[in-house]
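Using the sequences and the hints, build the whole thing.
Top to bottom, those sequences are chains A and B. Sequential numbering of the first sequence, starting at 3, is according to my numbering. Sequential numbering of the second sequence, starting at 196, is according to my numbering.
One thing to keep in mind: the hints can contain errors.
Unchecked claim - Capping the alpha-carbon separation at 30 angstroms, the derived lysine-lysine pairs in BS3-like fashion look like this:
(1) A/K178 / B/K247
(2) A/K189 / B/K315
(3) B/K325 / B/K209
(4) B/K209 / B/K247
(5) A/K186 / B/K315
(6) B/K209 / A/K65
Bear in mind the hints are in silico, worked out from the structure with no lab data behind them. Note that the structure is predicted; figures quoted are calculated from it, not measured.
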Amino acid sequence: MSLRSRGSAEGAVSVSAFAYLYSELVQYHQGRVASISELERRLENSGYGVGFRVLELLTLRSKEYKREIRLMSILQFVSAAVWKSLFGKSADSLERSIDNADEYMIVDYEPITSTFVSVPSDLGQLSCDSFVSGIIAGVLEGSGFPARVTAHTVPMEEGEYMSKISAGNTALLQRKDKAVFLVKFSKEVLERDAALDR
Amino acid sequence: MTSQQVLLFGIVGKNEPLYEAEFNKLPGSTTVDSITRQNYFVLHSALDLVEKAAWATNNMYLKVVDKVNQQQVSTFLTAGNIKFMLLHSGRSEDSIRNFFIDVYEVYVKLAMNPFYQYDKPITSKAFDTKVRAAARRYLS
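Below, the structure written as structure tokens:
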């Protein structure tokens, strides 16, 4: 078994195959839980293992044998390298929260985990992107930056998405919402990072 | 003149040791119990130095982190902060680095197994065989 990347043509999986498989995963968990937060937590746990494996695999394949030790570099690794290998594109935006120094946001306009999901009204606040927040949490915690990651669906402003479409990107569906992953780092991570600055 | 030929290789996770192997030059002999225990002690006592060195560089290969008497401890950190440590008495850095890289590849293959949980002891016999083969290739 070789771990070399065999090129995107052979490694590519169709979106519909993923959508079917993912919908089965969500249904499996939904049948076994009693609340929304429990369902989100189970999806996060499922994503956690993926995150850890993606971290090790991508690092091995890059052959550079370097780890990230700074906060900004690990966030950039997540929003660029991890996103590209999982979803075929980099995350649309990486922002730092103005109010809290320990919060960062990764934005994706078209997360494939919820593009084909319509949430019924009795499940209100459920975000199926919790699977992806589990992946992010797995990558961060594995590399030594424990964080709490949550997925939020935020309505998009008027001009935001349209500019992406007009730039030539093909859109899967007309979307009104974008997915925002809020990453809140633990205190010791920030302290350690600040110490490295000096 | 003859360096102590026993090499102790250990994989340490965040909470506990995950794997241990001794690479003996002489197939028939068994190391004296007290020497084995001393080796384990030296290897694991270097852990705090590994932690310190880990956040000073973004290289995975940390070279020699500790020297005790004639023995040296070299370390390699994976992307997931799992520590590969080798207790030896003077090997070329290059051969140790190649050994660690080989073990890293075997480790990632093990990690891809959905039944292997991160940071849990490694019990796979195939892993053990491959690690010993890598040791024979680079460290003898």
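Okay, the hints, checked on the actual structure:
1. A/K178 / B/K247: 48 angstroms, violated
2. A/K189 / B/K315: Status holds; Cα separation ~26 angstroms.
3. B/K325 / B/K209: This hinted pair holds, its Cα atoms lying about 23 angstroms apart.
4. B/K209 / B/K247: 14 angstroms, holds
5. A/K186 / B/K315: Roughly 26 angstroms separates the two Cα atoms, so the pair holds.
6. B/K209 / A/K65: 24 angstroms, holds
Figure legend: structure checked against the earlier numbered hints; the only hint not met is number 1.
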